[in-house]
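Assembly of the complex is requested from the two constituent chains, each provided in isolation within its own frame, with the hints serving as guidance.
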Amino acid sequence: MRGQVAIAGAGCVKVGEHWERSALDLAAEACLKALEDAGNPRVRAVYVGNAASELLNEQGNLASLLADALALESVKAVEVRAGDASGALALHQACLDVLAGVGREPILVCGVEKITDVLAPEAERIQMLFEDARSTFHSGVTIPGLCALLTRLYMERYGASYEDLVALAVNDHKNAAGCPHAQFPFPITVEAILNSPLVADPIRLLDTPGFGDGAAALVLAEADEARRLNDSPVRILASEVVAGRMNFCEREDPLTIPSLREAAKRALAAAGLGVKEVDFFELHNTTSVVGALALEELGLAERGEGWKLISEGRIALGADWPVNTMGGLKGRGHPWGATGTYQAVEAVLQLRGEAGKNQVNGAEVGLAHNMCGLGSVSCVHVFARWEVKA
Amino acid sequence: MSVPRFWREIPYKYRLVGSKCRFCGTVYHPRRPVCPKCGSRDMEDVELSKRGRLLAFTVIRRAPSDLEDYKPYVVSLVELEDGVKVLAQIVDCEPGELRPGLELEATLRRIRAHGPAGVIEYGYKFRPAVRLEPEGSS
Chain A
439 MRGQVAIAGA GCVKVGEHWE RSALDLAAEA CLKALEDAGN PRVRAVYVGN AASELLNEQG
499 NLASLLADAL ALESVKAVEV RAGDASGALA LHQACLDVLA GVGREPILVC GVEKITDVLA
559 PEAERIQMLF EDARSTFHSG VTIPGLCALL TRLYMERYGA SYEDLVALAV NDHKNAAGCP
619 HAQFPFPITV EAILNSPLVA DPIRLLDTPG FGDGAAALVL AEADEARRLN DSPVRILASE
679 VVAGRMNFCE REDPLTIPSL REAAKRALAA AGLGVKEVDF FELHNTTSVV GALALEELGL
739 AERGEGWKLI SEGRIALGAD WPVNTMGGLK GRGHPWGATG TYQAVEAVLQ LRGEAGKNQV
799 NGAEVGLAHN MCGLGSVSCV HVFARWEVKA
Chain B
4 MSVPRFWREI PYKYRLVGSK CRFCGTVYHP RRPVCPKCGS RDMEDVELSK RGRLLAFTVI
64 RRAPSDLEDY KPYVVSLVEL EDGVKVLAQI VDCEPGELRP GLELEATLRR IRAHGPAGVI
124 EYGYKFRPAV RLEPEGSS
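As you go down the protein sequences, you meet chains A and B in turn. Add 438 to a position in the first sequence, counting from 1, and you land on the number used in the numbering used here. Add 3 to a position in the second sequence, counting from 1, and you land on the number used in the numbering used here.
Looking at chain B on its own, in the form it has when it is part of the complex (with noise of 0.2 Å):
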């Protein structure tokens, strides 16, 4: 990957921006010029939700060439709370944990680095959300 793409994209791959419709306030990821259920051009730049919940998920255990390292690792759906569907890794946690529903949260990590003296790139995966009062509190 080259330094600009690389700075380009900082914004969508770490803060998780899309766009939404100012129209009809559809929200996408990624971004889109134009609005697929309005037609509306009038789009804005917004950061999703940070949070969401697990729809499936899949064990990726043949691996592209740039993330072999990385195998096993968990690849799953994640329907954010504004509605977005998202692809992304889930971390932190066995793939025996995962059921769908599990509410996950965002979290910046390291995605693959670009032989010894390329960028290392780095971007938004997720993680079983991590719970503030102890079980049973509420």
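Chain A on its own, in the form it takes in the complex (with noise of 0.2 Å):
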């Protein structure tokens, strides 16, 4: 990638309980804003990150529909679709056709997913279908009884609290007070959190996402036109995916994400950078744990030492590695699909200085992970501003 492409325009819509409204009218009023933030240029392609709208929304084909929707005339239209890593896995696939088709018009992509249209049970029950059916689905566990495991098995051997685990959520939610489009903007306590019902023991409701709608957007262009949209474009210096071993119990180590591993350490390099070097970090951390992981696996703690990095508060905002800047998936929110695009547009606000409270001084690079699960696929994306050349 080489900060070949970079984005014109981002934009994303409050996390949320939309009822009235549909996963077009979330997805729509993204793409208008992010459209709007480039400056409307006539784009060439649509690409569309989304988990599951036919069984969420009884509809499906969203990218053609958004196009349609759009007045995108004679445009491509493209879904992309990899569970909870849909959004980033988008933008992807939407950063080589900017690369095929140098010289050509900007392109759009969009995640978005509109969870509410089914109750809690059957959005866990649907969660799970990202998994394998065979063995982990057959088992009747959940996303938050995967991480409870790991939860589990993590405090065993490496001698961590749950405390000191949920710092991480503490964390979130207090950088999602100070994000507008966060679905819980407010604070919360590691009593709070050890006071809330269990879900899958140990992990508590205050460990977990809640289940909310939205939708984020970004203008995608070659790196020139993109500063010929607009004034602070920022560039993608990196955009690495990486499939792993499916079923966790199957990895070598299940205290480990290999996918993350690879993308990161690829990802790097392709933006010849050391982790060190990176101002803030996006987390996909499903529970806290997972975040621990995260940060053993970015290489900013060795194994077993995350939640040392969480517990003693060096992943706060203006500490050493600023993690989940707007809230991560506790705070801003986890819908599903959009989840990598509201990174992405969160890395926009940082590198442009417009992240208000939560903005990480002089920051430079960012770096977001998005994964299906607990890491059947790996994305990684490393964002830089504008003066910064790979």
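Everything labelled a hint here was simulated from the structure, so no lab data went into it. Nothing false has been slipped in among the hints.
Output of the computed footprint for chain B on chain A, the stretches with three or more beta carbons under 8 Å from beta carbons of chain B:
(1) 560-572
(2) 588-597
(3) 629-638
(4) 687-695
From the three backbone atoms N, C-alpha and C, an ideal C-beta is built for every residue, glycine too.
Here's what the structure looks like:
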């Protein structure tokens, strides 16, 4: 990628329970905001990341539907689907398309998910359909249940306590409080988490993302074209996707996310950066333990030590490695197929200096990780300010 | 669940049929067409061991819609005697009796019903291993 692709526009809707609005309504609003932000260029393609609209909303083929709704004449429309990694995977595919069509018009990317058309238990069931139906789904485990097993193994092996780990959820909520599009924009305490209901022992309700609807969109263009459209475009230095062993119990060590490790390694190599040169990180921590594992896979902490960065507050805004600067899955919300594009929109806000109270001072480079489940596929993007040359 | 799928999956869900690599001998569950360890495509179906030990467990209190009648229920990570790790529910005991290392055995149980007219799905779950000799007799 080497910074040849840049983001010329970004927009999103507030994550939440949008009872009165459809997936199409949400996607259209996010896309119109992103297009407006880019000066309303003519686009030649639209990529839509979505996890489960047929099951949630009884509506498929969202990319064509969206192209039609936005009156985009004669565009290519592509839907990209990989569970809750759909958003970042759509972004990746759109990046490749920009590179393949040098000299042509920009491309629109939108991640969207409308979950609240079904009740929470049905959402819990549908989310498990992104796992192996023969084994994981069959067992009756849920995503919080998988995280519970990881948490138990992690605490036993590395000596962390649940209080140590959930400091990440506290961090995320603190950041969400300053994020206008967050689903849960208020701080919470460790005590509140430990007093919330058990979802899957030892995981508590306030350590899990809620179910919410959302859409986030970006306009991508060749770097020079993006610069013509927008005074401060954001470069995409790297976009890497790696699939891994789907069942975490089949991994050599269950307490690893090999797809993240490899995707991050490739992305940082492509960007020509060491992980410690990155100014902020948007992680896919489905629960706190996954954040601890991610810090280890990224190389910010040794194996078994990720929880210490969390419990010592070294991931806070203003500290060593700011994580989930706009609230992450926990605070901003986790509308599955939209999460990856929310991360990209948030990176744009940080790198343009538009993150308000949550601004990472002097942020030049940000990294986002979006995955399906516990890492059946990982997408890692590295974003940079326009002035940063790859 | 459709009837054809239900029938197709019986060997894997009733008898824990997995794959064994004929080249390097590694055993997998669920089945695989290619061995990730050695790359061999020469795989055969094998019945996995029905006994194992508990590695970790959780109690599912917020269940998927099709399992709400069963909650709370225990899901565990089990290491079978042939080294394969599987996710499975544990039945016939209280969560308080569970601890890592506990010996378990497979048992055939009802998994879920698909509405009043649909198939009733059965499959493996695990329970604490039944001891044939009284404690301390060996």
